[in-house]
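Residue numbers (this note's numbering), protein chains in the order written: chain A, 33 to 228; chain B, 33 to 228.
By construction, these hints were calculated from the structure, which means they are not laboratory data. Be aware that one or more of the hints could be misleading.
Note: identical chains are not told apart, hence a pair may lie in one copy or across any two.
Capping the alpha-carbon separation at 35 Å, the derived lysine-lysine pairs in DSBU-like fashion look like this [what the hints assert, rightly or not]: (1) K211 x K54; (2) K78 x K211; (3) K54 x K122; (4) K54 x K150; (5) K214 x K57; (6) K113 x K206; (7) K82 x K150; (8) K74 x K54; (9) K82 x K113; (10) K128 x K78; (11) K57 x K206; (12) K128 x K82; (13) K202 x K57; (14) K128 x K150; (15) K211 x K74; (16) K211 x K160; (17) K57 x K67; (18) K160 x K128.
Spelled out, the chains give:
Protein chains: 2
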Amino acid sequence: MNNFNWDSGFLVDFDTTTGVSKTAKTTQRRLSQMKGMFYDEKHTDKILEKEDPVIYEFYELGCPERAGDLAFGTTILYPGKAGNEYYMTKGHFHTKIDTAEVYYILDGEGYMVMENLKGDTVEMPMAKGQVVYVPRGYSHRAVNIGDKPLILFFTFAADAGHDYGTIETKGYHKIVVEKDGKAAIIDSPRWKEAEV
Amino acid sequence: MNNFNWDSGFLVDFDTTTGVSKTAKTTQRRLSQMKGMFYDEKHTDKILEKEDPVIYEFYELGCPERAGDLAFGTTILYPGKAGNEYYMTKGHFHTKIDTAEVYYILDGEGYMVMENLKGDTVEMPMAKGQVVYVPRGYSHRAVNIGDKPLILFFTFAADAGHDYGTIETKGYHKIVVEKDGKAAIIDSPRWKEAEV
Numbered sequence: 033m034n035n036f037n038w039d040s041g042f043l044v045d046f047d048t049t050t051g052v053s054k055t056a057k058t059t060q061r062r063l064s065q066m067k068g069m070f071y072d073e074k075h076t077d078k079i080l081e082k083e084d085p086v087i088y089e090f091y092e093l094g095c096p097e098r099a100g101d102l103a104f105g106t107t108i109l110y111p112g113k114a115g116n117e118y119y120m121t122k123g124h125f126h127t128k129i130d131t132a133e134v135y136y137i138l139d140g141e142g143y144m145v146m147e148n149l150k151g152d153t154v155e156m157p158m159a160k161g162q163v164v165y166v167p168r169g170y171s172h173r174a175v176n177i178g179d180k181p182l183i184l185f186f187t188f189a190a191d192a193g194h195d196y197g198t199i200e201t202k203g204y205h206k207i208v209v210e211k212d213g214k215a216a217i218i219d220s221p222r223w224k225e226a227e228v
Numbered sequence: 033m034n035n036f037n038w039d040s041g042f043l044v045d046f047d048t049t050t051g052v053s054k055t056a057k058t059t060q061r062r063l064s065q066m067k068g069m070f071y072d073e074k075h076t077d078k079i080l081e082k083e084d085p086v087i088y089e090f091y092e093l094g095c096p097e098r099a100g101d102l103a104f105g106t107t108i109l110y111p112g113k114a115g116n117e118y119y120m121t122k123g124h125f126h127t128k129i130d131t132a133e134v135y136y137i138l139d140g141e142g143y144m145v146m147e148n149l150k151g152d153t154v155e156m157p158m159a160k161g162q163v164v165y166v167p168r169g170y171s172h173r174a175v176n177i178g179d180k181p182l183i184l185f186f187t188f189a190a191d192a193g194h195d196y197g198t199i200e201t202k203g204y205h206k207i208v209v210e211k212d213g214k215a216a217i218i219d220s221p222r223w224k225e226a227e228v
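The shape of chain A in the complex, shown without the other chains (with noise of 0.2 Å):
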């Protein structure tokens, strides 16, 4: 699984446009995977019925989760949409909360969707050639919301651990959707109901 010494040091490529290693491998998010994640089920559930399309993939490289490394890669957010909702990540806190993440837009456009445990919101337009900056204490999620996929190089510290679940049952305050032709971020509609 690891074949990078993280003691010694390491080479490793990304091509700096599509994001693609020759080296490493891959691990594929797909639809199925993100079940309820997209707040049109009805049009999740149609797609599924043809098809389980790759929403996104990132390189993991099996950085030990030690203090003082550094974890990175490439994540490669294919465009799409279930619904008016774009494709996206599913979205993570760090476990070790108060860690930061950067993350250096290679390729494509859309937001990097942020929130705080106190639900303080940011979004974010990425485009080639930024660096988001994902502060301490805050979840972020990417959507593409180009015609073409999304590249962002990211770092951050090994031992920030993942924590996907409080975002799997909770999700985002907000969400980016296709409105008149163009991106809009609106409330997310599962929010609005809880809040009735």
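Once you've looked at the hints, dock chain B against the given chain A.
Here is chain B on its own, set in the frame of chain A:
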């Protein structure tokens, strides 16, 4: 000095080929600031009689040195030689020595010259589209062996700190020089002398 909000997130641009930012400012390192680091001091002095070239520049965004934050930016290392020794960065240990650093090579070619306190040395060839993982405990110096700028995107723990002193006084065991028209890694004459 610091226009970036490390608590609620921010965007900053770095061209994915040149490393240049329109919003951040660089710190320049000129040859006169690296006196004594290139082994051929005579030739270094000869250059300085005529000019004081910029050897490299890098972006510092003023990241607070707090646990959980990540400092990042680009380094632009120009092509050239002092004597037959290729232009290089000063190189540094992290003050908090067991902290890694991730370098993503956006353009150019060179070597990452690394060395730990035990004297173990590692030289990693760098080319566009490669990531060099600088492991915990290793000081690191970039060397440009090409004929265009070497562009590096770096990330490290914000509280890692920089220790230049150790390298400024002792140098590295290995240096990279041009020999018969190509790059060669050789023992540093300064260390050889010390061992006689």
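Item to complete: Classify it for me, K54 with K150: is the Cα-Cα distance of at most 35 Å met within a copy, between copies, both or neither?
Response: between (41 Å within a copy, 33 Å between copies)
- Message: Please sort K82 with K113 into within, between, both or neither, judging by C-alpha distance up to 35 Å.
- Response: within (15 Å within a copy, 61 Å between copies)
Given identical chains, is K128 near K82, meaning Cα to Cα at most 35 Å, within a copy, between copies, both, or neither? Result: close neither inside a copy nor across copies, 39 Å intra and 54 Å inter.
I want to check one pair: K128 and K150. Are their C-alpha atoms no more than 35 Å apart within a copy, between two copies, both, or neither? Result: close both inside a copy and across copies, 16 Å intra and 32 Å inter.
Classify it for me, K160 with K128: is the Cα-Cα distance of at most 35 Å met within a copy, between copies, both or neither? Intra 29 Å, inter 33 Å, cutoff 35 Å: intra and inter.
- Please work out whether the CA atoms of K113 and K206 approach to 35 Å or closer within one copy, between two copies, in both situations, or in neither? Answer is within; shortest intra-copy Cα gap is 16 Å, inter-copy 53 Å.
Check your understanding: When no copy is specified for K211 and K54, does a C-alpha distance of 35 Å or less occur within a copy, between copies, both, or neither?
Key -> between (38 Å within a copy, 32 Å between copies)
Item to complete: With 35 Å as the alpha-carbon cut-off, assign the pair K57 and K206 to within, between, both or neither.
Response: both (32 Å within a copy, 34 Å between copies)
Subject >> Intra- versus inter-copy proximity for K57 and K202 (alpha-carbon distance at most 35 Å) >> reply: Close inside one copy (30 Å), not across copies (40 Å); limit 35 Å.
Between K78 and K211, at a C-alpha cutoff of 35 Å, which is it: within one copy, between copies, both, or neither? within (21 Å within a copy, 65 Å between copies)
- How do K57 and K67 come out at 35 Å by Cα distance, when the copy is not named: within, between, both, or neither? Answer is within; shortest intra-copy Cα gap is 24 Å, inter-copy 45 Å.
Go through the copies and call it for K82 and K150: within, between, both or neither, with a Cα cutoff of 35 Å.
neither (40 Å within a copy, 60 Å between copies)
When each numbered hint is compared with the structure, violations occur for hints 7, 8, 10, 12.
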